[in-house]
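Protein chains: 2
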Amino acid sequence: MVMGMELYDVEDFWKFDLRVGFVKEAEKIKRTRKLIKLIVDFGKEERTIISGIADQYNEEELKGKKFIFVLNLKPKKLSGVESRGMLIVGENEEGKVYLIPVPDEIPAGTKVW
Amino acid sequence: MVMGMELYDVEDFWKFDLRVGFVKEAEKIKRTRKLIKLIVDFGKEERTIISGIADQYNEEELKGKKFIFVLNLKPKKLSGVESRGMLIVGENEEGKVYLIPVPDEIPAGTKVW
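Here the protein sequences come in this chain order: Z and A. For the first sequence, position 81 matches number 162 in the working numbering, and the numbering has no gaps at all. For the second sequence, position 38 matches number 119 in the working numbering, and the numbering has no gaps at all.
Same shape as in the complex, but just chain Z (with noise of 0.2 Å):
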């Protein structure tokens, strides 16, 4: 599955801060069809984060659960929204996402790598 893919050394994925965050709130963003907005505690801070899986979940599935997510990339706006991370999911070659939900012990702000 990696063939062709070029490899890297460990210390060049270890410059994105992944984190765990708590999502206090998910609501869909009105006129779009994936995008749901999620205001997310990562313990020192909250932050507001765009995903484009609204056409697969809903707000109750993402409410009041822990995920992983990356924090140190270009905000970016979506439907006049701004973005400030990104929350990680699996996919499978179909285009179904998987939720990963981090196990609730785990405190908001954890450092994953």
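Among the hints, erroneous ones may be present.
As the list claims (entries may be wrong) - Here are the in silico distance ranges between beta carbons for each label pair: (1) Z:144 <-> A:140: 51 to 59 Å; (2) A:112 <-> Z:174: 30 to 38 Å; (3) A:114 <-> Z:91: 13 to 21 Å; (4) Z:90 <-> A:90: 12 to 20 Å.
Unchecked claim - In silico PhoX-like pairs for lysine-lysine, Cα to Cα no more than 25 Å straight-line: (5) Z:157 <-> A:125; (6) A:125 <-> Z:177; (7) Z:96 <-> A:158.
By construction, these hints were calculated from the structure, which means they are not laboratory data. Fair warning: this is a prediction, and the values are worked out from it, not measured in the lab. Cβ coordinates follow ideal geometry from the N, Cα and C atoms, glycine included.
Based on these hints, arrange chain A on the given structure of chain Z.
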């Protein structure tokens, strides 16, 4: 928390091949304090991946479970065994490691991003 960290394009993150892997075998590497050798099934291939968490987790806590791994890292020899990938875990500031098991219904080999 991200203060002072550089911000990256998401495409830069997507160059890493993260996938769900099923741990078929787990065995502490003798004469090391922390190394554990995992045989991990990714559906289309199997890999040997070494993780440095054996001071906190034993074979039984890993074997038979699914986790997220980074696949396209340069192979690394650790205590004479070549590791071809990295187990993704959480870690707090005191060095306590948290396993992040992937729900069993997500097939081995599923892309994570």
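Comparing the hints with the structure gives:
1. A hinted range of 51 to 59 Å for the beta carbons of residue 144 (chain Z) and residue 140 (chain A) is inconsistent with their spacing of about 36 Å.
2. In this structure the hint that residue 112 (chain A) and residue 174 (chain Z) lie 30 to 38 Å apart at CB is violated, the actual value being about 42 Å.
3. A C-beta distance of roughly 20 Å is found between residue 114 (chain A) and residue 91 (chain Z), which places it inside the suggested range of 13 to 21 Å.
4. The hinted window of 12 to 20 Å between residue 90 (chain Z) and residue 90 (chain A) holds, with their beta carbons roughly 19 Å apart.
5. Our distance criterion of 25 Å between C-alpha atoms is broken by residue 157 (chain Z) and residue 125 (chain A), whose separation comes to about 35 Å.
6. At roughly 19 Å between alpha-carbon atoms, residue 125 (chain A) and residue 177 (chain Z) fall within 25 Å of each other, so this suggested pair holds.
7. Between the alpha carbons of residue 96 (chain Z) and residue 158 (chain A) the distance comes to roughly 22 Å, so the proposed pair stays at or under 25 Å and holds.
Hint compliance for this structure: hints 1, 2 and 5 are broken, all remaining hints hold.
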